[in-house]
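Participant: Can you build the whole structure from these sequences, using the hints too?
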Amino acid sequence: MDFEKEPLINPAKKIADVNSDVCRPLESFPTRAWTVAFGISVSLFLMGIGLIVYQLKVGMGVWGLNHPVGWGIDITNFVFWIGIGHAGTLISAILHLFRQRWRTSINRAAEAMTIFAVMTAGLFPLIHLGRNWFFFWLLPYPNLRNLWVNFRSPLLWDVFAVSTYFTISLVFWYMGLIPDFASVRDRAKNRIRKIVYSLLALGWRGSQRHWNHYETAYLILAGLSTPLVLSVHSIVSFDFAVSILPGWHTTIFPPYFVAGAIFSGFAMVVTLLVIVRKVFGLEDYITMVHLENMNKIILVTGMMVGYAYACEFFTAWYSGNTYEWFTFKNRALGPYAWAYWTMIFSNVAAPQVFWVKKWRRSIPIMFVLSLIINIGMWFERFTIIVTSLHRDFLPVNWDQYIPTFVDWGYTLFSFGFFFTFFLIFCRLFPTIAMSEVKATMHTGRKTEQEHEFVF
Amino acid sequence: MSEKHWKHPEFEQGQDERPEGVDRREFLKLMGAALAMASAAGCARRPVEKIVPYLNKPEEVTPGVANWYATTCGECPAACGMLAKVREGRPIKLEGNPDHPMNQGGLCARGQASLLNLYDPDRLRGPVRSPLRQAQGTARSVVRSPSWEAVSWEEVDQSMAAILKEVKEKSGALRLLTGHIESPATQKVIDEFLSQFPNARQIVYEPLALEELREANRLSYGEAFIPHYRFDKAKLIVSFGADFLGTWLSPVEFTKQFSQRRNLHDGMMNRLVVFESYPTVTGSNADLHIPVRPGNEIKIALGLAGEYPMEKAAAETGIDLSILRRLAADLQKHRGESLILGGGYSLKGEIGVALHVAANHLNHLFENEGETIEFGTPSHQNNRATSDLKNLIREMKEGRVDCLLIYKANPAYTLPKGAGFEEAAAKVPHTLSFADRVDETALKAGWVLPDHHYLENWGDAEPIEGLLSLRQPAVAPLFNTRAFQESLLKWTRDQGPGTRDQQLWYEYLKNYWNENIYKKFGLTSSFQTFWETVLRDGIFDSRRSANTYSLRKFNTNILPTLKVPGPWSLVPGPLLVTYPTLPAYDGRSANNGWLKELPDPVTKMTWRNYVALAPEKAKAEKLKEGDIVKLKTDDGTTVELPIYIQPGLHEDVAAVPLGFGRTAAGQVGNNLGANAFAFAAPVLPVTIEKTGQWMKLPTTQQHFQVYGRPIIKETTFAEYQKNPKAGNEEVIPLPSMWSGHKYEGHRWGMAIDLNACTGCSACMIACQAENNIPVVGEERVKQGREMHWIRIDRYYSGDENNPDVTSQPMLCQHCENAPCETVCPTLATLHNEEGLNVQVYNRCVGTRYCSNNCPYKVRRFNWFEYLWKEKSPLAMVLNPDVTVREKGVMEKCTFCVQRIQEGKDKAKDFGRKVRDGEIKTACQQSCPADAIVFGDMNDPESKVSQLKKGPRGYHVLEDLNVGPAITYLTKVRNK
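Just so you know, the protein sequences line up as chains D and C, in that order. Residue 1 is where the first sequence starts when you use this note's numbering, and the numbers rise one by one after that. Residue 456 is where the second sequence starts when you use this note's numbering, and the numbers rise one by one after that.
For the record, the hints were derived by calculation from the structure and aren't laboratory data. A virtual CB, placed ideally from N, CA and C, is assigned to each residue, including glycine. Since no wrong hints were added, every one of them can be taken at face value.
Think about it this way: if two alpha-carbon atoms lie no more than 20 Å apart in a straight line, the pair counts; the simulated SDA-like pairs of lysine to any residue are:
1) D/K329 / C/G1163
2) C/K1079 / D/W398
3) C/K1151 / D/W398
4) D/K57 / C/L1322
5) C/K1237 / D/W398
6) D/K329 / C/R1164
Chain C regions said to be covered by chain D (calculated; three or more residues, Cβ under 8 Å):
7) 1157–1165
8) 1239–1249
9) 1267–1281
10) 1291–1303
11) 1334–1345
For the chain C half of the interface with chain D, some residues (derived, Cβ under 7 Å), not all of them:
12) S1306
13) N1307
14) N1308
15) P1310
16) K1312
17) W1318
18) F1319
19) L1412
Facilitator: Here it is in structure tokens:
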């Protein structure tokens, strides 16, 4: 295999270097780049708070949504961020089960991305409610009025799927962080720092028994998370697939959404890690091997998504269903054709450059491409949601959805929200799973005892 | 209600307003309350409001139970009979009086919406005067003062006494300019008032008058009158532009009559042929619709009569000769059972008269006189000469008028720019207006003495000779207004200091009825009994059998004097046609949000007017919808309006709706669109110049094709006669995995006859009034956020440039397998045990998923808090039986669940079952065409069950298997 020939981590690095390199951002003053990025993120975050206050006061009408198009950029952002949140758990759980050791350099950041992406996604269903202040009515809680939720509604399934996914991902992430928190604690020179990380490390001392329990728990959590990776986006896709709207009511949606989520999730990991490794000087740990592997996954899932697009279009025609076929023609040729073709270009055509090894290993190319893919995947959700709604069954209802500054503002806000958390994470948490990386450090050296390091 | 913020109206006297802000005592109270609320229930959202019961219950008022008062509609000259629903002392809904022989329960959109005018915040709160004008007294030229001051009625009466005395003593000219006076008693009041003066005259001016028809009848029959038309007797109707289903003469009555021959109940159907130059409701219901260039109608009419070579007529008008031949043959076949109508409001002058004469001739030729046209009971719905206005303006300009009183007329708005009314008005020393607001004309007046809204006033009407109806107040006057009649009576008889009560006018009216009706007909019961009976019923029908009157003889000598061709035949290029639309009419209710937001039945445009162009014309001129163009006529009048592309329009016509562009209507209606009355005549040669600007049009519908979807099922009458299931043969297999709902008691359903529906949109306003539906404003309509629970979808089929039109009322279908119900996460929408798809506003969190999943998209979302913005007293119009929805909540048609409940309660009180037809939804009740039937589908004998099973019944989007509770009946065209 490739990575046997090429070391995962710069062979020059010693085990001792790992802790000092990874912990450096935690133990030094923020760089200028970080401060600027954080400032922008927090500004966008605060702008979003302003938008929320404005919306609460005036009403949902501040969005550009209208009569046929009841969901627009709100749910686009929701599905987009849920999709982003897929890569982390996939990397940590599924790749862990498949013994893909290259994951260790990237799983921490990817999992953090998952947590924050799911948090961001979770905001949108709350924001897009007409009466946000009653959001808790979506939860089945006992109440004096004996009112219950509707278990037939996919939105309710969403509530369960997303909250379960978030909980498991959070626990999983935290589990993995415990040994690293202990390392940070041990390195701490400041008293407060020591107390905080001591609390976070939950008394981890690295004993044999600790490691034993840790590994078992980690394996169980990986097993638990794996089906969730598939289920969350399947269930999110049910929001559409279970409806009767042409363009939404499709059986292909669950696998198509999962593939799309992995695709966009990996693209986002690439975007983030290209920056993180540069900014925090972690090139030795997040090497070209990791990036290339991710690009390969992007190439594969991109083609899966491309297949889904083609398959959907074919089915629409082959079914002979007037509404369905119209919806797809309208996607490709109607008023939102620009969104459709942006999607096709970004998600199907653009990733094909990764067939070439040189391009797949080029930082600028992969960075630009990862951004293109993220844009493309955003437009995929936009296309699905808006083009299906804006022209459905009765031609009388057909209308256009024109997003207002609020719709776009919330989109910016979601990035602000996400990056605020992510940047805090980069400053306070070890961005690379130190304990796990150490285990892979000898693998590139072709020692005969290679298997000893395999968990 | 609208997005516009209600400002404090001008001239408010402020007597009912509390001072702004919070004083110390109030503040302490609030603090105490806030503390109590906070400690007692931390999450309480609003302070407790106590309901205080009546200590002494007013007679007739039972809280929660409506009183119904029979009265007469005052919105347009048609004067339909109606019932005002009054809850706790305030009218909340108007419905047609089912006992009235004209409208028989139906009421048009404007009639129903006139309720909102009662609560218009822009109405004057009391009489006002313009001090400057007053001070200048007899000065010959007076500048309008910008400031108005409130005065008391006593002051008004004192000043008026002086003014009238002065006029009388110097034998000055007093002129009373009125609109159409439908009330005989009011006319008598006017006559008595004017008779005091040596030189006094009444000038009647109605902007949309049928003067040409009256003149044509004078020429044809020797008397200027308007006969009573009987569309229910006509099997073939040919109209040359008279929009009798929309705006012409008495549309509700005519729709009622027309639909009786249209609903196929006896398997028969009339045929409607329309030659018209501008788009009308009637034209969109035609079986054969032929666009003609204005002025060419006469050639066709005379061609059909054999007075003009048919080949020539066909060649000159571009109509297929075979169509005319067939029509002529059909007319022959239907002797005595056809009805030919001349032009509409827009065809003025000689050509208009000629066309009506030609139509009279056709009716004479085909023996319709006395059959479908009744001369014995002429219509009084448009009964005065209107051309005197020109003389009046001349007199005024010359300074020969000393005192001008204006009642129910707004010439400053409805006259062409060149008429010079405004300059003339400046030369009248004393001008009084009785308008309910300072409208365009009242701005020129020294005094504005607001009349009551007709729902606050007494009155009567005689729409058809011998058919009398009474008007009674449904509410005490909201403001310090006084009836016009009361004022005149006060000024006629010296009654001492004026009061607000209507005693004089009421006594007068009663006395008038005693003298002129009760005694005349020699009725046996006492007058009091008679009076109370008429008050209760609303009408007194003294008509004998219509045809006992002798026929009038058509004067054939007049035919050769008709001028053919008309004045525009030789002018090349586009012709401007200004025409009244159903919602806007002549602009009188321009400040009415309901009407402003009511989509025009033909163009589906709201809020503003436009230039309608035929698709070919727009294409040729390279104009697209929304392009703003400048219309310019030869006299230099220019108007800028956006383009609207309207198929079915003649290529040479640029049609502009009247009634927009008002500048002093009020906060809702000011400066919307442009005033098409500004043009010198309704039909004029015009040039269209591009301005390069574009605007998004506030239309509620942008796509008109069916695209092969099972939405409209239509067939021809010939096919229908062969097989009543024609057009509806397709059987879609609808297997289901589910057992379906069980209905033990009722299962409500509806049937809508697409053949009867004319698209008049009365149901939309009925629903809006009944269900407290907010008005959202022009900008929100552009965004696609209108709130109507029922809408009229309009589809085109056939020829792209002159399509067949189908109007389809679309409302919540109350599906058996409702897609909305399964997707709501909070169970805010669910199926009830009577088959209703109910929406629980209190439980709705506003995910809008239900709307997304609704194939009919009939759900409406409250994007904003609409109702709290309502300025007093607008909120008084709200129906207390229907919840006012909060922002963020989904809403939709409930099948008028409050009416169902009321009907069931009533049946329970009598210990019986609900009778079929007893419960009527608001839309059904208002429908002048009886297109909507509501009832229990569990009862196999009910009308709705019968229609559902019948050959014409189908469901829209049946293939989705959502199982709608609304059955549509196929559209049958008598091609």
